[in-house]
Amino acid sequence: MGKQGNNSFMGHIRPRQIRTGALRLRATFCLGGFSFLAFIVLTITGVLLLFYYQPGDRAFASLSELNSVLPYGGFVRSLHFWAGQMMVISVFMHMVRVVWSRAYRPLRELNWITGVVLFGLTVILDYSGYLLRGGQESGAAATVGQALFTSLPGGQALATVFFGQPSPLNGSTLNMFVWHAFILAGAVGFLQLFHFWRIRRGGGVRPL
Amino acid sequence: MDLLEGERTQAPAEVEQSGRQEKVPLIELQVREYIGTFLWLGFLLALTASVKVPLDSSPKAAAVSISKAPWVFGAIQWLLQQWPAWLSGWVLPLLSMAVLFTLPWWGQKVGKMWVWIIFLILSLVWVGLTFLYMFMG
Amino acid sequence: MTFDQTLYSRRQVLSLGRKTLLVLGIGCLYPVSHYLRAKENQLAVARIASSEMPLKIHWQRLGQTRFWLRQGNDGVEAMWASCTHLGCEVSYDPEQDLWLCPCHGSRFNRDGQPVQGPAVSPLVRAEVKEKDGFLYLHQPAV
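Residue numbers (the numbering used here), protein chains in the order written: chain C, 1 to 208; chain L, 209 to 345; chain W, 346 to 487.
No false leads were slipped in.
Derived lysine to aspartate or glutamate pairs resembling EDC-like cross-links, with alpha carbons at most 20 Å apart:
| id | chain 1 | residue 1 | chain 2 | residue 2 |
| --- | --- | --- | --- | --- |
| 1 | L | K260 | C | D126 |
| 2 | L | K276 | C | D126 |
| 3 | W | K364 | L | E241 |
| 4 | L | K317 | C | E109 |
| 5 | W | K476 | W | E397 |
| 6 | W | K384 | C | E65 |
These are calculated hints, taken from the structure and not from any lab test.
Since this is a predicted model, take the numbers as computed values, not measurements.
Can you make the complete structure from the sequences, with help from the hints?
Here it is, written out as structure tokens:
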């Protein structure tokens, strides 16, 4: 038992001892951890992108400048993109693993529901990030999303709140930016902390 | 919540009885986490360094014909091409999410095995449609 | 004994991991600071067609910039209208024939020499280059 570990902050939020079975790679495949790691990378690179990204009409131009002119700009952008794709995949694989090891069953059903919400939010974050790229492709994707919303009764208002007024050639709007960078990302961060706290409450990883 | 608390207090007794619950110091897990972290970061950096993320087409350029949606929405895009928007854009995704949300309840209703089968079929359909859309002409 | 020994090696791995993360983090400071400071040294540049602005003997402001232009003896002269005290934007008042600083009351004569107030150095001229019928103005790097 590490004395160092007990005194540190990590020693307080994590148990001192864990079950032997939870150590096995087969118990988790590290997928939840990888998702969290992706989220950390996304947060850091996302904050770095905030310094130069301009939502709206200037979105494509600012990204183009960031990509080609700014030192390490293209690297930060690529890292943000790939970490995002990997997070969607690892969250999904994590869900498959949880069902496989039957960790959704009572005592943990609240955490399962939290996890499903997190999966949905992650996918929506990936989609909204795609819209923020500001190219013609993002405009097309925004148009499809808007059309889906407006097909609902009262969906016009919802679409305006979520999408703002994107043009068919540019999906990046201030609304979409606020959702992506603050509301959705903040909700995912908060829900993850809750998710981890529930794992601790539920007694940690229990192998099959 | 109260119910959960009640069950929780009983849990340790069961845990003590079962022989498989030997414990090891947390450090054993932390070591694996560090190794996993570096492997994952290495993979991410390799991916970032090797596959360039292109810019899309500028909104100022002449309009291009766009055939591909982002891959996360590939499956929905495929469905949208087959059926009306309300069905493939709302009913099917929301129904799938509803099945996911109620999985613990299904577990008690139809059993673990069937939950696994239901989940597997659902996942495979969505993943399959995503791949189908991605590699479709 | 063997248990202790394996624990020890575990701890070594852990501290190696921590140190590597620390080194990676510190190593990132360099590229990150370069990335964040990328626009630090960007100086203002303006371009105007020679025919576009009638150049007079008095200073005239160019659009919404801090460049002021006048027709001097040896061609076009440009002034960078930043007070040499603390950098407020000065403006030329033709009636008093003075540059006035709104912040701390510095005054400069028409050639930019300080005549009153906290500022002690003259206003800085901007570089003017004429090329292909355009005037290119460059903010002085001070």
